[in-house]
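Protein sequence lines correspond, in order, to chains A and B.
The first sequence begins at 2 in my numbering and counts up one residue at a time.
The second sequence begins at 366 in my numbering and counts up one residue at a time.
Among the hints, a few may not be true.
Cross-link-like lysine to any residue pairs, in silico, SDA-like; alpha carbons within 20 Å at most [to be verified]:
1) B:K940 to B:F832
2) B:K468 to A:P310
3) B:K471 to A:N364
4) B:K468 to B:V491
5) B:K641 to B:K468
6) B:K468 to A:P451
The hints are simulated quantities; they were obtained by calculation from the structure and are not laboratory data.
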Amino acid sequence: MRLLSWPSITQLLLAPLVVGARASEYNDYSENLLLKSLPGNSILASFRFVSNGTFDSHHSVFPRSLAQILQQSQTKELHLKFTLGRWDAEQWGRQVWDGRTAGGTGVELWAWVEAADDSEADARWTTLNNALSGLFCASLNFIDSTRTIRPVMSFQPAGHHSPESLERLHLLHGTLPREPVCTENLTPFLKLLPCKGKAGISSLLDGHRLFDAQWQSMSIDVKPVCEESGKCQLQMEQTKPYAGGDSCFPLSGVTDLPWSLSEMFGRPIRGSCPLAVVPTEEATHVCVNIAEQRSIFVSQGSEERKKSPELRCFILHENLDFDIVLPELSPSTNILLTPPPVYASRSLTGHGQERGGIQAVLNNPSSNSTVEFVYLESLPWFMKPYLHTLSVTISVKANRNIVQDIYYRPALDRKRGTQLEVRLRVPPGETVLLNYEFEKAVLRYTEYPPDANRGFDIAPAIISILDPTSQKSTFSIRTTSLLLSLPTPDFSMPYNVIILTSTVMALAFGSIFNILVRRFVGADEVIGGSLISKIRGHIMAFAAKRRRVGGSKPKTE
Amino acid sequence: MSILTSLRSTRILKLLPLVSALCILVGVAWLLLLPLDDYSRRTYISENALLPGQVHTYFGGSEQDVFRSYRHEVTALGKNASADGSGVMAEKIGGIFDAFGLKVGKQKFEYTAAGGVYAGENVYAVLQAPRGDATEALVLCAAWVNTEGELNESGVALVLALARYLKRWSLWSKDIIFLITSDSRAGPQAWVDAYHDLHAPPAVASLPLKSGAIQGVVVVDYPTSRGFESLHIVYDGINGQLPNLDLINTAVRIASGQMAIRTTLQEMWNHDNQYKDRLRTMLRGMVNQGLGHASGPHSSFIPYHIDAITLQAYGDGWHDEVTLGRTVESLFRSLNNLLEHFHQSFFFYLLMAERRFVSIGTYLPSAMLIAVNFTIAAIALWLKSGRQNTGEEEKSGDGRVSEEKRRLIESAGEAPSAAGQPVVVSEERLLLLSMAFVVAIHFLGFIPLYLFNNLDEKNFNSAFNIFTLLNIVLPSALCAIFTKSFAPTPLHFALIKCFSLLLLGMFLSALATLNFSLSFLIGVFSSPITFINPTPKRKWTVGTAWMILLQGLTPTTALVGVALYWGEPLSEILKEAAFGWRVWGMWTQVVVWCVWWPAWIIAGVQVAGSWAVEA
Numbered sequence: 002m003r004l005l006s007w008p009s010i011t012q013l014l015l016a017p018l019v020v021g022a023r024a025s026e027y028n029d030y031s032e033n034l035l036l037k038s039l040p041g042n043s044i045l046a047s048f049r050f051v052s053n054g055t056f057d058s059h060h061s062v063f064p065r066s067l068a069q070i071l072q073q074s075q076t077k078e079l080h081l082k083f084t085l086g087r088w089d090a091e092q093w094g095r096q097v098w099d100g101r102t103a104g105g106t107g108v109e110l111w112a113w114v115e116a117a118d119d120s121e122a123d124a125r126w127t128t129l130n131n132a133l134s135g136l137f138c139a140s141l142n143f144i145d146s147t148r149t150i151r152p153v154m155s156f157q158p159a160g161h162h163s164p165e166s167l168e169r170l171h172l173l174h175g176t177l178p179r180e181p182v183c184t185e186n187l188t189p190f191l192k193l194l195p196c197k198g199k200a201g202i203s204s205l206l207d208g209h210r211l212f213d214a215q216w217q218s219m220s221i222d223v224k225p226v227c228e229e230s231g232k233c234q235l236q237m238e239q240t241k242p243y244a245g246g247d248s249c250f251p252l253s254g255v256t257d258l259p260w261s262l263s264e265m266f267g268r269p270i271r272g273s274c275p276l277a278v279v280p281t282e283e284a285t286h287v288c289v290n291i292a293e294q295r296s297i298f299v300s301q302g303s304e305e306r307k308k309s310p311e312l313r314c315f316i317l318h319e320n321l322d323f324d325i326v327l328p329e330l331s332p333s334t335n336i337l338l339t340p341p342p343v344y345a346s347r348s349l350t351g352h353g354q355e356r357g358g359i360q361a362v363l364n365n366p367s368s369n370s371t372v373e374f375v376y377l378e379s380l381p382w383f384m385k386p387y388l389h390t391l392s393v394t395i396s397v398k399a400n401r402n403i404v405q406d407i408y409y410r411p412a413l414d415r416k417r418g419t420q421l422e423v424r425l426r427v428p429p430g431e432t433v434l435l436n437y438e439f440e441k442a443v444l445r446y447t448e449y450p451p452d453a454n455r456g457f458d459i460a461p462a463i464i465s466i467l468d469p470t471s472q473k474s475t476f477s478i479r480t481t482s483l484l485l486s487l488p489t490p491d492f493s494m495p496y497n498v499i500i501l502t503s504t505v506m507a508l509a510f511g512s513i514f515n516i517l518v519r520r521f522v523g524a525d526e527v528i529g530g531s532l533i534s535k536i537r538g539h540i541m542a543f544a545a546k547r548r549r550v551g552g553s554k555p556k557t558e
Numbered sequence: 366m367s368i369l370t371s372l373r374s375t376r377i378l379k380l381l382p383l384v385s386a387l388c389i390l391v392g393v394a395w396l397l398l399l400p401l402d403d404y405s406r407r408t409y410i411s412e413n414a415l416l417p418g419q420v421h422t423y424f425g426g427s428e429q430d431v432f433r434s435y436r437h438e439v440t441a442l443g444k445n446a447s448a449d450g451s452g453v454m455a456e457k458i459g460g461i462f463d464a465f466g467l468k469v470g471k472q473k474f475e476y477t478a479a480g481g482v483y484a485g486e487n488v489y490a491v492l493q494a495p496r497g498d499a500t501e502a503l504v505l506c507a508a509w510v511n512t513e514g515e516l517n518e519s520g521v522a523l524v525l526a527l528a529r530y531l532k533r534w535s536l537w538s539k540d541i542i543f544l545i546t547s548d549s550r551a552g553p554q555a556w557v558d559a560y561h562d563l564h565a566p567p568a569v570a571s572l573p574l575k576s577g578a579i580q581g582v583v584v585v586d587y588p589t590s591r592g593f594e595s596l597h598i599v600y601d602g603i604n605g606q607l608p609n610l611d612l613i614n615t616a617v618r619i620a621s622g623q624m625a626i627r628t629t630l631q632e633m634w635n636h637d638n639q640y641k642d643r644l645r646t647m648l649r650g651m652v653n654q655g656l657g658h659a660s661g662p663h664s665s666f667i668p669y670h671i672d673a674i675t676l677q678a679y680g681d682g683w684h685d686e687v688t689l690g691r692t693v694e695s696l697f698r699s700l701n702n703l704l705e706h707f708h709q710s711f712f713f714y715l716l717m718a719e720r721r722f723v724s725i726g727t728y729l730p731s732a733m734l735i736a737v738n739f740t741i742a743a744i745a746l747w748l749k750s751g752r753q754n755t756g757e758e759e760k761s762g763d764g765r766v767s768e769e770k771r772r773l774i775e776s777a778g779e780a781p782s783a784a785g786q787p788v789v790v791s792e793e794r795l796l797l798l799s800m801a802f803v804v805a806i807h808f809l810g811f812i813p814l815y816l817f818n819n820l821d822e823k824n825f826n827s828a829f830n831i832f833t834l835l836n837i838v839l840p841s842a843l844c845a846i847f848t849k850s851f852a853p854t855p856l857h858f859a860l861i862k863c864f865s866l867l868l869l870g871m872f873l874s875a876l877a878t879l880n881f882s883l884s885f886l887i888g889v890f891s892s893p894i895t896f897i898n899p900t901p902k903r904k905w906t907v908g909t910a911w912m913i914l915l916q917g918l919t920p921t922t923a924l925v926g927v928a929l930y931w932g933e934p935l936s937e938i939l940k941e942a943a944f945g946w947r948v949w950g951m952w953t954q955v956v957v958w959c960v961w962w963p964a965w966i967i968a969g970v971q972v973a974g975s976w977a978v979e980a
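Work the whole structure out from these sequences, hints included.
Next comes the structure, spelled out in structure tokens:
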């Protein structure tokens with residue numbers, strides 16, 4: 002969206018950090034908040050925290066906890082995303098920051114790990130996952146080999162890597178579509194910030210209000226900028242529920258509802274973070290992107306910078322609370338939304354327990370430019386796609402050049418999942434249907450989760466839009482995740498069967514075994530405890546033996 | 366060894382028909398016992414997550430005004446707005462959904478069955494769950510025209526009002542799809558097929574908008590603008606498949622417990638929960654299940670393993686749309702709680718009152734016993750056919766019994782020796798001709814199957830009359846041709862009956878696990894077949910009596926019976942069947958024409974054979 006009107010932020014990110022300039026450490030951290038009104042009385046609040054630092058410095062704002070993990074696992078670049086809900090591109094347009102900061106539903110992690118070979122990379126990847134799992138209170142340790150893929154076309158490193166080190170870097174990617182994102186993930190995130198949510202725009206980040214939003218995404222991107230630098234970013238969108246319509250025939254939302262920061266987040270901003278960089282004309286604290294006609298009231302002590310009619314920015318005072326109030330406005334106003342490069346939706350087809358299919362609908366909304374992108378699917382091993390059923394159909398013309406390239410890595414049972422990357426080129430205004438079928442594997446009964454009948458979550462597909470000249474990913478989109486139902490045994494039945502068969506076994510086997518094994522002897526043949534009775538028993542047994550040899554029947558009782 | 370020997374003994378062979386008869390008697394008696402308190406159970410909620418009726422419902426107040434305004438809109442559009450091909454209904458309803466900020470999709474469809482064209486346009490809207498991830502969905506549906514052909518004015522208006530109302534809640538964990546189908550029969554089928562991408566374009570259009578896996582469907586049928594007296598819960602799916610019992614229990618509990626609405630099942634408007642009413646409810650349910658047709662818009666969802674029910678407002682009473690709206694709201698709150706797909710409770714059950722049921726373990730033996738009677742009779746015939754000669758010998762003389770007894774005593778007293786063996790003289794069975802005949806008759810069943818599924822509806826009446834007449838003379842004619850061409854021996858007839866019964870027993874026992882009611886009904890109708898003696902040494906009067914009895918038990922008679930039961934003309938029933946075959950994927954006809962009818966024809970041939978061979 003308004004990324005182009007944010008040259009300052011872009012510049013700040015890419016500005017090479019002067020390493021060792023310890024005097025400038027306070028300036029290593031900057032934060033800003035963008036509030037954007039969206040159609041349907043929704044507000045997008047995009048928080049952005051950037052901290053620069055080096056691993057070896059003890060006084061850096063770059064969090065040591067994260068730095069140590071990265072050092073330990075030899076991770077050179079890290080992208081970790083926590084996402085809840087879905088981004089409705091048709092209603093809200095394209096995502097901020099080119100969709101690079103939002104992951105798919107659940108947790109998504111990818112990193113470039115420096116290692117000599119694949120096995121070493123795997124070991125370091127496991128180390129990284131386990132450490133991050135502890136740091137962020139998420140089940141990242143469950144990203145094992147079955148959930149890890151090595152994308153070939155979809156991702157390119159964003160940081161600066163020397164050509165020699167690039168050769169030693171391994172890209173690993175893992176997803177946990179099932180992971181619910183909640184406050185326990187937010188708290189460690191806030192702890193990474195220098196002001197820890199006590200001051201500055203991070204003081205708005207309260208779990209109670211934050212997780213009531215329609216869609217929210219939290220991402221941590223660490224990349225080397227000449228040396229090492231880290232960048233953390235949190236995006237959140239808060240929606241006001243549509244209220245009103247007391248008339249007999251309800252009118253649709255014709256007014257812009259009033260809102261304020263303290264109403265949305267439950268509290269105002271508690272001044273600016275003293276550790277952040279001194280704001281300049283370009284780098285302001287809070288920006289509001291609303292229609293020109295809407296009036297806006299702010300707290301005292303802040304300075305306004307109008308960058309364009311639709312973008313009003315504010316610099317906060319260090320010790321004064323800051324709030325924004327927007328009154329109601331009728332008729333409704335909207336800022337112009339830019340559509341994303343591709344509209345993507347994905348759904349399951351077919352029914353039954355044996356096989357199914359996936360259909361992805363990819364639409365290029367542009368009227369004049371062809372879009373080229375990589376469609377990446379990371380499927381679990383128990384979902385076995387048939388590559389020969391992969392079909393790409395376009396709505397109108399029989400265009401044979403849609404599929405440019407396919408990279409496919411088949412699954413190995415219980416070892417690794419399927420990785421499918423398809424490079425597609427969609428002509429302007431066309432819709433492409435990507436279909437393939439798959440077979441559902443039957444799992445061992447211990448492999449089912451406790452809520453087996455819910456189904457299994459399939460990670461969102463990742464669509465990376467490629468730049469036509471450089472073939473580098475410039476924009477990324479995630480589809481929603483899917484719920485795959487597998488043939489599920491009735492788990493209470495084995496229990497019943499086990500109980501029943503055990504009983505039958507115990508009764509039948511026990512009694513038969515007893516009859517077969519037990520030696521029936523006469524009461525007078527029983528060998529007693531004492532020595533005398535033992536001897537007598539032996540004599541009796543001997544006598545009995547002689548009698549049997551003699552032909553008469555043994556006496557039994 | 367001893368079992369085989371004893372099976373071959375005449376005594377056991379004599380007993381087997383009695384065992385068959387006993388199986389039928391016990392099977393029927395078993396079913397009649399089910400409504401008793403000792404054999405049925407009270408329903409209970411098995412899935413703890415549902416928590417039915419544990420929430421406050423807030424639908425009401427100004428929502429009622431909104432509802433009324435929508436009802437005016439629906440009434441103004443009229444009944445024909447959905448079917449006239451203009452797309453007025455979809456346009457208007459789509460516009461209303463759009464005003465709520467919901468995403469709207471439309472779907473055109475057209476089916477051709479029995480010469481009739483069934484076209485329309487469905488319209489639906491998706492309420493995306495806040496914070497949701499589009500993995501699961503619930504459907505709230507109303508057909509524009511209900512199963513009785515009335516304009517579902519309050520039902521559609523209620524879905525619209527609820528769409529607006531439910532949109533304001535932020536607690537939904539699943540997407541909610543609001544679906545208005547243009548009719549109750551083809552529309553839901555077209556929609557659910559397209560949702561799973563199993564439709565046949567271009568006759569049925571693809572859906573422009575989809576959500577996640579559907580977890581539950583509630584259909585609202587409220588065709589009047591007056592208050593209603595009780596809530597009729599319709600649950601039968603296509604081919605006798607049923608939704609999970611938990612869904613019905615939840616609906617019953619919410620309606621009667623929370624909202625104090627009386628609930629009824631299977632059109633039993635007055636139910637005193639005594640033996641007679643329970644039995645009638647159960648039998649009505651079994652007839653619906655056995656016919657396997659769609660009893661409401663919900664039926665089309667059930668084959669996709671989506672649990673669905675229809676809530677029908679019945680009678681005149683003091684409950685109004687707000688009560689129904691609150692029932693639906695509470696039901697959706699319960700469904701929203703679901704963490705897993707419905708799986709806890711029963712999928713195979715017979716309901717006999719809204720809170721009383723029997724599960725498959727209890728009722729299945731009755732249909733199985735009836736199916737087993739055919740198998741036992743077939744085994745008896747097989748054994749008998751192998752010892753034809755000795756059987757002749759034994760028939761003479763009254764001292765047979767004592768002789769038999771003596772032999773039995775001997776064999777019991779001593780270890781089984783070869784002494785008893787020579788009595789059994791095995792005869793060579795002439796298999797080819799008998800088998801070929803049975804297989805041919807079974808293939809003959811494809812003719813009526815094809816005929817009644819592909820004829821034009823205008824010809825149904827005349828076709829049925831001609832077929833009925835042919836059907837009466839067919840066994841005799843077939844028998845005449847058979848005896849003239851192949852000169853069969855009595856052994857052939859015995860083997861034909863043996864194979865026919867074996868097939869029938871096999872099919873019915875397999876069917877009992879899929880559609881208990883159909884298997885039971887066909888089993889009862891064809892139970893006299895077991896007792897037709899293939900030996901062609903009978904008086905012609907006995908043969909005639911058998912023939913008359915058989916003619917009373919043909920599939921065609923059953924069709925007439927169904928028409929009388931529903932009070933509809935016969936051509937309507939045949940039309941429904943052809944429509945079901947084309948659109949719903951109903952396979953009741955296959956069972957009737959390829960399992961039951963061949964068995965009946967062979968029985969007729971046996972009876973006719975008793976004259977033919979003698980002559």
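Evaluation of the provided hints:
At roughly 16 Å between alpha-carbon atoms, B:K940 and B:F832 fall within 20 Å of each other, so this suggested pair holds. Distance hint between B:K468 and A:P310 is unfulfilled; the C-alpha atoms sit about 31 Å from each other, more than 20 Å. Annotation: proposed proximity of B:K471 to A:N364 holds, straight-line Cα distance about 18 Å (limit 20 Å). A hinted pair counts as satisfied when its Cα atoms are at most 20 Å apart, and B:K468 with B:V491 qualifies at roughly 5 Å.
Simply put, B:K641 and B:K468 have alpha-carbon atoms about 50 Å apart, too far for the 20 Å limit, and the pair is violated. Of the supplied pair hints, the one linking B:K468 and A:P451 is violated, its CA atoms being roughly 34 Å apart against a limit of 20 Å.
Hint check: violations occur at hints 2, 5 and 6; the rest are consistent with the structure.
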